[in-house]
Amino acid sequence: MSVLVLAEHEGGAIKDATLAAVTAATQLGAVHLLVASSGATAVAAAQGAAAIAGVEKVLLADDPAYADMLAENVAPLAAQVMSGYDAFVAAATTTGKNVAPRVAALLDVMQVSEVIGIEGPKTFTRPIYAGNAIATVESRDAKLVLTVRGTAFARAASKGGSAPIEPIAGPGDAGLSAFVRIDASQSERPELTSAKVIVSGGRALKDAATFEQLIVPLADRLGAAVGASRAAVDAGYISNDYQVGQTGKIVAPELYIAIGISGAIQHLAGMKDAKVIVAINKDPDAPIFQVADLGLVGDLFAIVPELTTKL
Amino acid sequence: MKILVPVKRVIDYNVRPRVKADGSGVDLANVKMSMNPFCEIAVEEAIRLREKGAATEVVAVSIGPAKAAETLRSALAMGADRAILVETDAPVEPLTVAKILKAIMDEEQPGLVLLGKQAIDDDCNQTGQMLAALTGRPQGTFASKIEVADGTVTVTREVDAGLETVALKLPAIVTTDLRLNEPRYASLPNIMKAKSKPLATRKPEEFGVDMAPRLTVLKVAEPAARQAGEIVGSVDELVARLKTLGVVA
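Residue numbers (numbering that gives the first Met the number 0), protein chains in the order written: chain H, 0 to 310; chain B, 0 to 248.
One or more of the hints may lead you astray.
Below, computed lysine-lysine pairings styled on BS3-like, alpha-carbon distance capped at 25 Å [what the hints assert, rightly or not]:
id, chain 1, residue 1, chain 2, residue 2
1, B, Lys-192, B, Lys-66
2, B, Lys-144, B, Lys-192
3, H, Lys-56, H, Lys-205
4, H, Lys-281, B, Lys-242
5, H, Lys-274, B, Lys-242
6, B, Lys-19, B, Lys-242
7, B, Lys-19, H, Lys-309
8, H, Lys-121, B, Lys-1
9, B, Lys-31, B, Lys-19
10, H, Lys-121, H, Lys-205
11, B, Lys-19, B, Lys-51
12, H, Lys-142, H, Lys-121
13, H, Lys-205, H, Lys-281
14, B, Lys-168, B, Lys-31
15, H, Lys-195, H, Lys-158
16, B, Lys-196, H, Lys-195
17, B, Lys-218, B, Lys-242
18, H, Lys-142, B, Lys-218
Here are the in silico distance ranges between beta carbons for each label pair [said to hold, decoys possible]:
id, chain 1, residue 1, chain 2, residue 2, range
19, B, Val-216, H, Gln-289, 25 to 31 Å
20, H, Ser-184, B, Val-216, 47 to 53 Å
21, H, Leu-310, B, Asp-149, 52 to 58 Å
22, H, Leu-310, B, Ala-65, 34 to 40 Å
23, B, Met-191, H, Glu-118, 49 to 55 Å
Keep in mind that the hints were calculated from the coordinates and are not lab data.
Since the structure is predicted, the reported quantities are computational estimates derived from the model, not experimental observations.
No residue lacks a Cβ here, since even glycine has one placed at the ideal position from N, Cα and C.
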């Protein structure tokens, strides 16, 4: 089987989520990467893509139309290239989720979303109902379109490969949409979805200043990423790209410390595959304690500073 | 401008789903069902756009069993003007839904289609994007802000890196994220009024769409259960246990 993987990159560097998608794709067949970008960034991303272990070829579509990964422009490009492939794989990031279903519909196939396991050439496992059930599905479509959950697959080595880069031309600008701007949140800490340790705060943190005072020093002490529950985001303690859960980011770090988070099913959907879960909550009946490996019942305003000092 | 809002009847988001013992699926018998939370946000946004004068009519549509009429009545009670139920007891995949919606778009000619970004049962996050592809329209997915002016919809999207803003030519397809708005509750008088609003029942055969699923569900299983954890008595004990587990230095 030949597999086309959509490469995601930022400033020319291939994202970790794509490295995980490459690992999943290698289980299906020969892997080619599609880099859709523009100018110097496109060239840097293609070189980065070519260096990934296990990639056999890189297709580079260099056109201003692809600079911002607009689905209206990238999906027809991918659908055109797919005439030579059996499967299209994208990481289940916001970019992958935006583009892949559009590709699937153009190819008249059903997409399999958020794949966490590959059981056979056309058989996959995926979580449904906020991760409360795992479905095994078999596709009967001629071509496969998959998005894969980054935390379910190891990342392919970003070095060691030397795939040839082949320039390709796509249909260009569909003239339907335009990129206006991105307001990126700045963070010095590790990226949430690839962090080994995550310190996450909930509504019990009271306000943005307290969140900052308690969660951030502990995260810095551990070299951890900061996460949040939906309640904390809705209350304005922190911006929404820190949200962990069914509707936010799906994470599976080595250590997840949930502070003042009750553990609603929508939140658990985003973090219950963490290796070790620690819960700090004053309510001994909070559902978070049902999934926590280590729980501490008490006042987080006393516990968190003490923990930060003693770690 | 007319706004079309597809809504889905799903298991209530507060209910913890139970996997059937025979592995055939999730047990939905006698379980509370509601409108998918993202669809509620879509209905709310459509009504707000009509209230602002950016839209003239809000049409809710649902594809599913006869009971999906209740979901449509909820949308009407929130303020939608009329509803269309495409009645089928067959399981429908996002691709099929998108094809039926395309046929309805051809009939209704909406200027904007507002969908939820995903349904909390199948967690697919596909239908809006597929509908946009099939109709050749632009898509604004995961929207947290929508502004309609001069034949363009400007959509602020919740992306992994932060917030991205795109400008889309109308007609367009927009899918809602959680932070787009706070859906209103339907008042009792509005619930009563909704009973007399028009609700047309259609059959999928009328649209000439192949309903056969492309994916076969072989099995549905419980996720692997986590080992029961322990409650520690103090911060010192917690730190010691974390060190033993090797997760902190």
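These are the hints, each one checked on the structure:
This hinted pair checks out: Lys-192(B) and Lys-66(B) have alpha carbons roughly 19 Å apart, not beyond 25 Å. For the suggested pair Lys-144(B) and Lys-192(B), the alpha carbons sit about 30 Å apart, so the restraint of at most 25 Å is broken. With a C-alpha separation of about 51 Å, the suggested pairing of Lys-56(H) with Lys-205(H) is violated against the 25 Å cut-off. Simply put, Lys-281(H) and Lys-242(B) have alpha-carbon atoms about 23 Å apart, close enough for the 25 Å limit, and the pair holds.
Among the hinted pairs, Lys-274(H) with Lys-242(B) is consistent with the structure: their alpha-carbon atoms are about 14 Å apart, no more than 25 Å. Only pairs whose Cα atoms come within 25 Å are accepted, and Lys-19(B) paired with Lys-242(B) is rejected, the gap being roughly 40 Å. At roughly 46 Å between alpha-carbon atoms, Lys-19(B) and Lys-309(H) are farther apart than 25 Å, so this suggested pair is violated. Only pairs whose Cα atoms come within 25 Å are accepted, and Lys-121(H) paired with Lys-1(B) is rejected, the gap being roughly 41 Å.
Taking the CA atoms of Lys-31(B) and Lys-19(B), the gap is near 16 Å; set against the 25 Å cutoff, the hint holds. Distance hint between Lys-121(H) and Lys-205(H) is unfulfilled; the C-alpha atoms sit about 48 Å from each other, more than 25 Å. The suggested pairing of Lys-19(B) with Lys-51(B) is violated, with an alpha-carbon distance near 46 Å, which exceeds 25 Å. Of the supplied pair hints, the one linking Lys-142(H) and Lys-121(H) holds, its CA atoms being roughly 9 Å apart against a limit of 25 Å.
A C-alpha spacing of about 14 Å is found between Lys-205(H) and Lys-281(H), which places the hinted pair at or below 25 Å, so the restraint holds. In summary, the hint linking Lys-168(B) to Lys-31(B) is not supported, as the alpha carbons are separated by about 39 Å, beyond the 25 Å threshold. For a cut-off of 25 Å, the pair hint linking Lys-195(H) to Lys-158(H) stands: about 21 Å separates their Cα positions. For a cut-off of 25 Å, the pair hint linking Lys-196(B) to Lys-195(H) is broken: about 54 Å separates their Cα positions.
For the suggested pair Lys-218(B) and Lys-242(B), the alpha carbons sit about 39 Å apart, so the restraint of at most 25 Å is broken. Under the criterion of a C-alpha separation no larger than 25 Å, the hint pairing Lys-142(H) with Lys-218(B) is consistent with the structure, at around 22 Å. One distance hint, 25 to 31 Å for the beta-carbon pair Val-216(B) and Gln-289(H), holds here, with the actual separation near 28 Å. A beta carbon spacing of about 38 Å between Ser-184(H) and Val-216(B) contradicts the range 47 to 53 Å that was offered as a hint.
Under the hint 52 to 58 Å, the C-beta atoms of Leu-310(H) and Asp-149(B), about 56 Å apart, fit the expected range. Under the hint 34 to 40 Å, the C-beta atoms of Leu-310(H) and Ala-65(B), about 58 Å apart, miss the expected range. In this structure the supplied range 49 to 55 Å holds for Met-191(B) paired with Glu-118(H), their Cβ-Cβ distance being about 51 Å.
Hint compliance for this structure: hints 2, 3, 6, 7, 8, 10, 11, 14, 16, 17, 20, 22 are not met, and every other hint is.
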